Every structure is written in structure tokens, then in C-alpha cells.
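Quick mapping for you: the protein sequence lines, in order, are chains A and B. First residue of the first sequence: 17, per the numbering used here; consecutive thereafter. First residue of the second sequence: 17, per the numbering used here; consecutive thereafter.
Certain hints may be false.
Identical copies go unnamed one by one, so any copy, or any two together, can satisfy a pair.
[Unchecked claim] In silico SDA-like pairs for lysine to any residue, Cα to Cα no more than 25 Å straight-line:
(1) Lys103 x Leu134
(2) Lys125 x His112
(3) Lys74 x Ala45
(4) Lys60 x Ser220
(5) Lys125 x Ser208
(6) Lys84 x Tyr70
(7) Lys102 x His122
(8) Lys224 x His207
(9) Lys103 x Met58
(10) Lys60 x Leu32
(11) Lys72 x Gly49
(12) Lys202 x Asn188
(13) Lys125 x Ser144
(14) Lys64 x Val233
(15) Lys195 x Glu38
(16) Lys102 x Ile41
(17) Lys103 x Ser178
(18) Lys224 x Met133
(19) Lys103 x Phe127
(20) Lys125 x Asn188
(21) Lys125 x Phe182
(22) Lys103 x Gly49
(23) Lys102 x Lys125
(24) Lys125 x Asp181
(25) Lys84 x Gln117
(26) Lys125 x Ser178
(27) Lys27 x Pro145
(28) Lys125 x Ala180
(29) Lys125 x Ser192
Rather than coming from a laboratory, the hints here were simulated on the basis of the structure. All values derive from a computational prediction rather than experimental measurement.
There are 2 protein chains.
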Amino acid sequence: MASTAEENYLKALFNLANPEGEVNISELAQSLGVSMPTANSMVKSLQKSGWVVYEKYKPVTLTPEGRKAAALVIRKHRLTEMFLVKKMGFGWEEVHEVAEQIEHIHAPKFFERMDEMLGFPTIDPHGSPIPDQQGRIQALSHVVLSSCLPGQVVQLTALTNSSADFLEFLNNRQLSLGKELEILSKEPYDHSMTVSYTGHHSESLSEKVCERLLVRVIS
Amino acid sequence: MASTAEENYLKALFNLANPEGEVNISELAQSLGVSMPTANSMVKSLQKSGWVVYEKYKPVTLTPEGRKAAALVIRKHRLTEMFLVKKMGFGWEEVHEVAEQIEHIHAPKFFERMDEMLGFPTIDPHGSPIPDQQGRIQALSHVVLSSCLPGQVVQLTALTNSSADFLEFLNNRQLSLGKELEILSKEPYDHSMTVSYTGHHSESLSEKVCERLLVRVIS
DNA sequence: TATATTTGTTAGATTAATCTAACAAATTTC
DNA sequence: GAAATTTGTTAGATTAATCTAACAAATATA
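With the hints as constraints, model all of the structure from the sequences given.
Put into C-alpha cells, the structure is as follows:
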């Protein structure tokens, strides 16, 4: 069974993988906040355990087993976040830190019960998909708000960043998942967008924000 | 903040302390399943952190800070057990392993919410007291069933052992906390007792079992 | 009390996860 | 393509938590 540290490496590799599934040692090290030599030696040890494929000076790739193990850790994380929000009254900006710890608990029944109590959810409080028990992840098709055009009506479906700061920014503007937004205009100069939605006549969102909001186009 | 290993030592010291608060290195080592040298060196390091008082060849004692820290870990453990039983549908024989892991989560709000959702319980599913947020533990006055006499009616209030095996033994006989038992007889030869309670006319309990059942005498 | 047994300590090794310093390979830039 | 920069590796050290072997102190027993 993977240690807490190993699980964190698997998760990072899963999340950082490019379309070919590759991750550089430097990205990995940076993402985990460790030095490159540390990431390097851990990758060697993950290879011995069969979780990754690795050759000197080449990027790292998860094996199918590694990918599944990673997805199952992510499943525990996202189920936990959903449980904290839906069953324990946490705000979506508060759950990440706690879930980072609970995801390493080894107790299948604990997470199965969460899953049941939540009615087998497929997305977490930030709109990210929850992998199933086999570690499969459904593909969600949303587009980034910054790519949409004035006149379109869209529904907020997920976020590409879930930092507490960003989530509080959204809270302050009553921007929650499911909200329908009408795009009033897009500023050619700074790429900011003006949108309107229930209770908010004309809210201006910077490019940085629009790039982090994922939406489904309604019309 | 204490590491997981340190928290486990604090808990063990708390639970093993004799009336003078003393614990021998050998007991400590045995209880944690580590070698004596390991326990010895950990105790030295706990002393450096101010959690215990220790002198070579003398028994170990928790400091007031160590005692409080230990009680707060036990609080997390017992709140978790209660939460698993009352809110997540676990059996009382299943909760220990999971609680052993969750007790090391550092997330005050998580445990405060459990506490609220449970209505601020004072005992856990096995009848053990839950320390308060200051680490204080209420004294419960129960007597051991084996010390009771035929003719007495008692109420099952707690257990001195919560191994899954023992809890399943009790499940199989519908013996749960709160049950009222009438003591029909006590066998002088092997100290087994015959009791009757709802649905059970005459159930014989071995001395070993009677020593693990704590009761309140009703009449 | 002398001896045997139990309990506790010291010394030294191991493993996992981390670090820094130094160097080497790969990539980018001029 | 040579030089500079970035990226990756090796070597060696550190810390926490563990171990075994050997020895020493305390306690129990004869």
C-alpha cells in the first residue's frame, strides 16, 4: 500500500500529466514543494513499486496501476470535500485542507458510506469529477468563460482553481456552481468581461477570473 | 504539534498510567508494539518537548500539558467513534480501526462539527467518557459486573475492553449499552454469572466476560 | 545476601523522506 | 555551433522512528 508521501506523488503526477501522460521532475518537485533531488529519488522508488515508468533525463509517466491508484486517492479527496460541504456544513473554501488529510485514511467502508450518504455524487463541490471505484473518471465538457462571446448565456459548472482566496472572491459575488450568467460585454483591452446574473446587474470579471471559471453554454 | 507517533505515545501513557500517573517503559513498549529501546528514546524526546517527566530507570509521568494533549487525542478518537456509529451507520465493533486513523487529523472544525451534530455527547459508543475541549474527563462511577451479587438489577453502562471479538460476542447476545440485567445466580466454582434481560431468559456469562462489563446498580 | 531474572539503557544500524552542494545532460539563445 | 541557461542526477548529510545486540541496573528468588 502506498504511504502518504507516495500517494501525494501519485496525485501530483496524475494532475500534472500532459496529454501524453508525461510529467517533468521539475514540475513534480515544484508542485509538491520539494527539491528536485527529492522528487528524483522518490520517482525511482515509485518505479520499483511499479507505479511509474521512468528513464534518466526523460519525463515520468504513471503506469495503469499508478493511474488507478492516483484516481482512487483523488476519489477519496473529492468524496470527502463533498461530504464536508453537504453533510457537515463546511464552506467550499474550507474543505481542501481537511480533505488533504482525510484522503490518506485507509478505510474503504468509511468512503463507501460517504458515497452512499451523498447519493453517489459524480462531481465535487468545485465541479471536478469524482472518479468511480475503479478509478475511472468521466469526461466533462465545459469551456472556459474567457473563450465565450458577448450575448451568450452560460451556466457556471466548475473551476480550474480552488484556492480559498478565489473561492472567497466568488462567495463575495454570490457566484456558485449552477449559476446562469449572461455575457454582456468583453473588453478588448484587458479581456475582462461584464456579466449579469440573479441579484447582480453588471459584474465585471478580470481575465484572470474568467480563465478559472468553466461553463456550459446554454444559448 | 505532536506527530502521529508522538500522539500515540501520549495516548498510551494516558491510558496506562497507574493512580500515581506512572508508566513503566516495558508496559509502554508492549502496549505500542515497539521495542523497549524505541520506547526509551521516544520518551526522552517527549521529555525534551515538555510532554513527560522522566528520569533514568524511573517510570514515566505525563506533564499537565502532556495529559491535556493526550486527552484531546482521545477526545478526537471517541467523537469519531460516536460519529461513525450515530451518523454513518457503523457497528460499534467496526469503529476502532478507523478512529485510530482519524484521531490524528489536525482540523479543529471537523471535530467541532462532529460534536455539534452529535449534540455534544459525553460518552462514546462503548460507554467511555469523551474528554471536553479543555481535555477534562468526567469521572463515571460504574462497578464491574463480576463484583455484583445475585438478586441485583443492573444497567450495562460501559465496557473495559472494546475488541471487535468481544463486541461481536455481545452483539450475538443482544447485549448493548443501557440494557437492564437481572443477576439470577453466580457460580462459586468458575465465577460465571447467569443473568436475564429482554429476550433472554437465562444467559450464562463467563468470569472473563463479567469482568469486562461495567454496570450501574439499579436495585 | 548472592544469584537469577526482569527491566531499562547504550550503541550502532536501517528505512523513508527530506535537504544542499556539486556536477552533468539537455535545451535554448546568440 | 558554441555558450549560456535550465533541467536533472549523484553524493552525502539529516531527522524521525524503528530495530537488534550487548550491557547495566533494579528487583525477585533461593
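Going through the hints against the structure:
1. Proximity of Lys103 to Leu134 under the C-alpha cut-off of 25 Å is found in both arrangements, the shortest distances being 8 Å within a copy and 13 Å between copies.
2. In this homomeric assembly, Lys125 and His112 come within 25 Å of each other (Cα to Cα) both inside a single copy, at 21 Å, and across copies, at 13 Å.
3. For a Cα distance limit of 25 Å, the shortest separation of Lys74 from Ala45 inside one copy, 15 Å, qualifies, whereas the shortest one across copies, 46 Å, does not.
4. Taking CA atoms no more than 25 Å apart as the test, Lys60 paired with Ser220 passes in neither setting, with 48 Å inside one copy and 60 Å between copies.
5. Proximity of Lys125 to Ser208 under the C-alpha cut-off of 25 Å is found in neither arrangement, the shortest distances being 46 Å within a copy and 37 Å between copies.
6. In this assembly of identical chains, Lys84 and Tyr70 lie within 25 Å of each other by CA distance solely inside one copy; the values are 17 Å within and 48 Å between copies.
7. For the identical chains of this complex, Lys102 and His122 are neighbours both inside a copy (22 Å) and across copies (21 Å), given an alpha-carbon limit of 25 Å.
8. Taking CA atoms no more than 25 Å apart as the test, Lys224 paired with His207 passes inside one copy only; the shortest distance there is 9 Å, against 76 Å between copies.
9. In this assembly of identical chains, Lys103 and Met58 lie within 25 Å of each other by CA distance neither inside one copy nor across copies; the values are 37 Å within and 39 Å between.
10. Proximity of Lys60 and Leu32 under a CA criterion of 25 Å is satisfied intra-copy only: 18 Å inside one chain copy versus 42 Å between copies.
11. Proximity of Lys72 to Gly49 under the C-alpha cut-off of 25 Å is restricted to the intra-copy arrangement: shortest distance 21 Å within a copy versus 41 Å between copies.
12. In this homomeric assembly, Lys202 and Asn188 come within 25 Å of each other (Cα to Cα) only inside a single copy, at 22 Å, whereas the closest approach across copies is 69 Å.
13. In this homomeric assembly, Lys125 and Ser144 come within 25 Å of each other (Cα to Cα) both inside a single copy, at 23 Å, and across copies, at 24 Å.
14. For the homomeric pair Lys64 and Val233, neither the shortest alpha-carbon distance inside one copy (46 Å) nor that between copies (61 Å) is at most 25 Å.
15. For a Cα distance limit of 25 Å, the shortest separation of Lys195 from Glu38 qualifies neither inside one copy, at 35 Å, nor across copies, at 61 Å.
16. In this assembly of identical chains, the alpha carbons of Lys102 and Ile41 never lie at most 25 Å apart, being 37 Å within a copy and 46 Å across copies at closest.
17. For a Cα distance limit of 25 Å, the shortest separation of Lys103 from Ser178 inside one copy, 20 Å, qualifies, whereas the shortest one across copies, 28 Å, does not.
18. For the homomeric pair Lys224 and Met133, neither the shortest alpha-carbon distance inside one copy (36 Å) nor that between copies (39 Å) is at most 25 Å.
19. For the homomeric pair Lys103 and Phe127, the shortest alpha-carbon distances inside one copy (13 Å) and between copies (13 Å) are both at most 25 Å.
20. Taking the shortest Cα distances, Lys125 and Asn188 sit within 25 Å of each other only across copies (22 Å), while inside one copy they are farther apart (37 Å).
21. Taking the shortest Cα distances, Lys125 and Phe182 sit within 25 Å of each other only across copies (21 Å), while inside one copy they are farther apart (33 Å).
22. In this assembly of identical chains, Lys103 and Gly49 lie within 25 Å of each other by CA distance neither inside one copy nor across copies; the values are 32 Å within and 37 Å between.
23. Proximity of Lys102 and Lys125 under a CA criterion of 25 Å is satisfied in both settings, with 19 Å inside one chain copy and 15 Å between copies.
24. For the identical chains of this complex, Lys125 and Asp181 are inter-copy neighbours only, at 19 Å across copies versus 33 Å inside a copy, given an alpha-carbon limit of 25 Å.
25. Taking the shortest Cα distances, Lys84 and Gln117 sit within 25 Å of each other both inside one copy (20 Å) and across copies (23 Å).
26. Taking the shortest Cα distances, Lys125 and Ser178 sit within 25 Å of each other only across copies (20 Å), while inside one copy they are farther apart (27 Å).
27. In the homo-oligomer, the alpha carbons of Lys27 and Pro145 lie at most 25 Å apart inside one protomer (14 Å), although the nearest pairing across protomers, at 39 Å, exceeds that limit.
28. Taking CA atoms no more than 25 Å apart as the test, Lys125 paired with Ala180 passes between copies only; the shortest distance there is 16 Å, against 29 Å inside one copy.
29. Taking the closest pair of Cα atoms, Lys125 and Ser192 come within 25 Å of each other only across two copies (23 Å); inside a single copy the shortest separation is 31 Å, beyond that limit.
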